[in-house]
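Asker: Chain residues, written in single-letter form:
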Amino acid sequence: MWQFFHKLGSPKWFYGIATRFMPWLLASGLLLLVAGIVWGLAFAPKDYLQGNSYRIIFIHVPAAFLAQSIYIMMAFSAVVTLVWRMKLADVFVKAVAPVGLVFTFLSLFTGAVWGKPTWGTWWVWDARLTSMLILLFLYGGVIALDRAINDEKSAARAVAVLVLVGVVNIPIIKYSVDWWNTLHQPATFKLTEKPSMAVEMWVPLVLAILGLYLLFGWLACLRMKTEILIREQRTRWVRDLVLAGGK
Amino acid sequence: MPEPLLQAVSLECERDSRLLFQNLSFSILPGTVTRVEGPNGSGKTTLLRILAGLNDAWSGELHWCGKPREQNRESYLRNMLYLGHRPGIKPLLTPLENLRALMAGRRPVSDEVLLQALAGTGLSGFEHVACRNLSAGQQRRVALARLLIADEPLWLLDEVFTAIDAAGVEAIEALLQQRAAEGGAVIVTTHHDLQLPGMKFITLGAGENDEC
Amino acid sequence: MAFDSFSAFLVMEGHGPYVWVCYGVFVLLLAGMMFWSFRTHQDIYQICKRGYEQQSKVGQPKPKAPATFTRVEVSQD
Amino acid sequence: MNADVQLSLKAEDAAIGPVRAMIAVFARDVRVAFRQRQDLLNPLLFFTMVVTLFPLGVSPEVAFLKQSGAGILWVAALLSVLLSLDHLFRHDFDDGTLEQLMLQPQPLFLLVLAKTMAHWMLTGLPLVLLTPVLGLMLHLDGNSVATLCLTLLIGTPVLSLVGAIGAALTLGLRSAGVLLSLLIIPLYIPVLIFGTGTVAAAAEGSPVAGYLALMGAFLFLALTLAPFAAAAALRISLSNS
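Chains as they are written, first to last, in the numbering used here: chain A, 1 to 247; chain E, 1001 to 1212; chain W, 2001 to 2077; chain V, 3001 to 3241.
Don't take every hint at face value.
[Stated by the list, open to error] Here's a subset of chain A near chain V, in silico, CB distances under 7 Å, partners left out:
#: 1; residue: Phe137
#: 2; residue: Ala158
#: 3; residue: Trp180
Note that these hints are calculated values from the structure, not bench results. We put the CB at the ideal spot given by N, CA and C, even for glycine.
This is chain A alone, in the form it adopts within the complex (with noise of 0.2 Å):
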């Protein structure tokens, strides 16, 4: 077990490993997502209360979910930077922050466009979609100060902070924001009770969300193994494998 653990942080196990993988996940991805969003788009059936306007949902949806787990899986990759000062750790939060910026910046503005035809306004300070945009600044202050840092290592754990202490104010942010939301609920706005989603409904939005989540595994290996080789430029793992033409 604790081999297994060691050799999960070795950057040049990674490296092997991803550069395997990549190509499944990207074409499985791809596949599932392109599959979703098709059949989504024009083989689901109209939903009788929003209209045609719902099939946002199917990209919409996807986005939130990775927003939030990429989050969940920063704070555990920064738990094992701070405790055992695992180096792969360190790059994944690095290399996937700037991914979850853009798809919680993805879900708030599919979340916008669909609001418009469905509630007549672009933005209502709903309690979703508030803490979706307080999502987006807990994201943007990682990346600040993961950039402000000069020194890799000092960076890494510095950022491990910051993302522990942001998931510890997740539910806390969370749960102050749904109150406030009833305190202050517009009633023109009341969002209308979800109806149980139909078959043909849900089977491909979780396509699309299993294929977002492919592509994300995908564009983590990537950006994880770019910062590895900016890390690890001087060790002889890495000349050896480019002077050798692998990827």
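Please build the complex by placing chains E, W and V on the supplied structure of chain A, with the hints as guidance.
Answerer: Here is chains E, W and V on its own, set in the frame of chain A:
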């Protein structure tokens, strides 16, 4: 031969992706003065900060009295005195208040002792003047006054002679030598040409890092 | 197919612009991010490669010249 | 020149306990602050000026001010605390006293807690004391002002404690001030929401004990967790300097 106070085994430190030193091993015995030497940027200050426990970005082993240092951090801190580049003196406080604050977390010391120490560094008459009105050398002397009352067996002194006049330098040299004779261990970095009988060296940045 | 014709698919009963803008931005950002990450990886890889090739050509880097603090002559015309 | 004499190592019993060390740190910070009184006034002036901007910039109508007063005062207090946080560790870092603080044979998080409490007493507490005056200027009624002061009294220590983490993380960085705000403002949102929410509930005549208890829980959480995080962040920042 007495047991080494501090023992370093294959220390390695990388800073801003530049390797400062690797495979650095040495032992610090009680009753010795050790000088860390090397050109600018060779990592003297970083080494001292690592030994003090201020810098965590290193690998290797550090043993304090035969036990891993990280496991008895508090005992280590209690027995180690570090004076850095920055003197640790609040410009708004007087020398006496500064010394009091510096000793506060360590052990109880009476004001008389502190005043004596200040007098010993040539600061009598300045005890109640805010430190920002003192010269750079005088401010350093406030920090150095701690050496006159310190009972910690290990001293880590980074650039002790900065801004100190010739007479002061001589007095400090004598102090270090006396300290070694008492059985204390001192590690210094300095660009001043410090020569003491029986002094040990740790050389950085010369390519090879030998044991000493 | 949930729509009668291709044009109906595009219009989506008036919701077309919203849906298509969303999908457009989504695809643009996702593809952009993937492409950008890929390009960065290639660039870094090439930089490493060039560095290694140069190193093996030149051999060991020359030792640094010691600092002499001689003044640099500057012609002042 | 190995001496025959061996210095004995210091045992624990001769030492000073953590509580006395904390008191010393607190006393030193207060003393330093009172040597430079202008710095103590600055957050208060800033607080007053930000509050002044709202009647001038939005509307001086009594109805508006009555409704928004609590929110304005909370936001202004939050910004004042944020502004003062940059100094929490910076001066100590620059003159080297922070290094010596970290090398004291004491648990670092307790010393950080002492420093943070000193910071609160020198910035947060004066803000609370100034609030009734500004509350009157914003036409808040007595009940609201009392509740507002109470929420600020519980809330400002949380701001100082959470802010200490950000101050420690950004220590020694370029443009630390802006970065500090970016990192910390999202974490301040819960306190802000409950602070103003409590006052709103009080204005409606609903019982506020539950809300105050919840804010107390925030304070407790911040007291127990924030010093650890700030101490860890300080170790990282100093390690990098």
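Asker: May I ask which of the numbered hints given earlier this structure violates, with the numbers listed in increasing order?
Answerer: none
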